[in-house]
Amino acid sequence: MQGKLFIAVISILVLPLMGNLLLTGKGRPVYIVTDSIPYPLVYPVSFGNRINIPADNPLTREGVFLGRMLFYERLLSANNRISCASCHKQAFAFADNKAFSDGIDTVETTRNAMSLTNLLWVRHFFWDGRANSLEEQAAIPLSHPHEMGLSPDKAAIKLQHTPDYPRLFRAAFGSDSITGARVVKAIAQFERTLISANSSYDQYLKGVYTPTPEESRGMALFMNNPSPERKIRGAGCGHCHGGPKLYLELFHNNGLDSIPKDRGIEQLTGLATDRGRFRVPTLRNIAVTAPYMHDGRFTTLEQVLDHYSDHIQESASLSPVLRNNTNEPGGKSLHLTGEEKKDIIAFLQMLTDSAFLTNPDFTNPHTHPH
Amino acid sequence: MQQKHRHILFVLLLLLCSYSVTLAQTVPTIKVEGEVTHPLSLTGQDLAAMKRTEVSATDRDGKEHHYTGVALADILQQAGATIGSQLRGENMAKYLLVKSSDGYEVVFSLPELDTAFTNRIVILADQQDGQPLPQGKGPWRIVVPGEKRPARWIWQVSTMVVRFAKE
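Protein sequences appear in the order of chains E and D.
Mapping the first sequence onto numbering that gives the first Met the number 0, position 272 (from 1) lands on 271, and the numbers just tick up by one.
Mapping the second sequence onto numbering that gives the first Met the number 0, position 112 (from 1) lands on 111, and the numbers just tick up by one.
To be clear, the hints were calculated from the coordinates, so they are not data collected in a lab.
Careful: at least some of the hints might be erroneous.
Derived BS3-like pairs (lysine-lysine); straight-line CA-CA distance at most 25 Å [stated by the list, open to error]: (1) D/K62 <-> D/K147; (2) D/K50 <-> E/K331; (3) E/K153 <-> E/K230; (4) D/K93 <-> D/K30; (5) E/K230 <-> D/K98; (6) D/K50 <-> D/K98; (7) E/K230 <-> E/K331; (8) D/K62 <-> D/K30; (9) E/K230 <-> D/K147.
Covered stretches of chain D (chain E as the covering partner; in silico rule of three or more C-beta atoms under 8 Å from a C-beta of chain E) [as the list claims (entries may be wrong)]: (10) 24-35; (11) 39-52; (12) 59-69.
Glycine included, each C-beta is placed from N, C-alpha and C at the ideal position.
Start from the sequences, fold in the hints, and give me the full structure.
As structure tokens, then:
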């Protein structure tokens, strides 16, 4: 009896010090003794707990810090000039402020760099949802010959020869060994901390911000589905962009082209119903993430509103929610007035989270530029 | 000269190959996975060969339509999910997660779909009023008769997964 009590006491004392459960290559769980401290994730209850953290990569303070170092680390590129942050800039909610981004050479990316915000709740990454985890996602731009041009494994060898990184990897993962898998794990840990939950809209949901009349009208238009028979005017944006996170994991053809140049998810599945289908992105910080759409074709929110209001292009794979979405009996399109578009844009500006854009926990941690 | 012609022919052949590759379309399928003894990958042909069920139900347009397809209970039976006499005990904590290719997802508890529990027949429809489903909603859509809002009438169904609720 006393023996059992002793074991229980020892377990209570020792287990928290033992760090994290890690999975070996063969899938056997092993405890690796590290002194890393779990990273507390703080977010509103309304965001829900359907979060995406692989069992073998729990967040620790050391892992997140290492990930932040690596996110801003130019050694991860073939020419030592490009880091993740080159195309994912905090001031633009970790998006790029141009349609296509430059990597290590002059060949631009083929799709617009996405904002990195509230990725904790994303389960399929990229415009076409092809990666199922941030770990898998991070490896792709690292290895891409026109983006960073260096596989995580090769980047790991470079880092192994630096004075600081072996120590940082030991703190995060329990040993000095730097591997490609650990590089992407640490980056993924940092990216999961990029939580935005303090826009005026969040404050309004908490009851501590009163929207202006313009913002209120815009919010109603944003959330309402148009219903001419019930005399309700709306833009129906919330159908795909709604909820407290302003993000639902959906993939639609949003009527940009009848015959899309970039066929989107169809390239992966070969299904005609997936033609021109892309992620419905988050609208958080949308006012600072121009240009818009997968190809960055719109430079202003006014152009985006004009598109959804008046220029939806018909095709077989056009989303059903954008068909006959109209404010006029028997009409085909929304036909929002100029005032209505202005009101919706006023609401979209409520989604800017300045604290996120300037959060010191997300800035470049390197004391000397690489 | 002949060599040059051969090269041109080769390039043309390559172009033709790549053209036919880009035109190749995959046949849509529905996957039935998870806690089932026989995971399925069903094509339209497979579903046409199964027992056909017809239901009438009111869509978002407020009008009643006739839908034809296959009862979910029959699909689950074929996949070897625990329905019918096996739907008891711990199997009562199972659910069916239905996924659309657009990312939308809805759940049903197994008893909601089992004819031993309910007279309401939920179907995977491939026809509406004798026609293929409208563009953008096909080839398959769940139809739940008698529900006030058609929010679980998930369209472009791609995957159905039986899982245990784990708490």
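Under the constraints set out in the numbered hints, which ones does this structure not fulfil? 2, 3, 5, 8, 11 and 12
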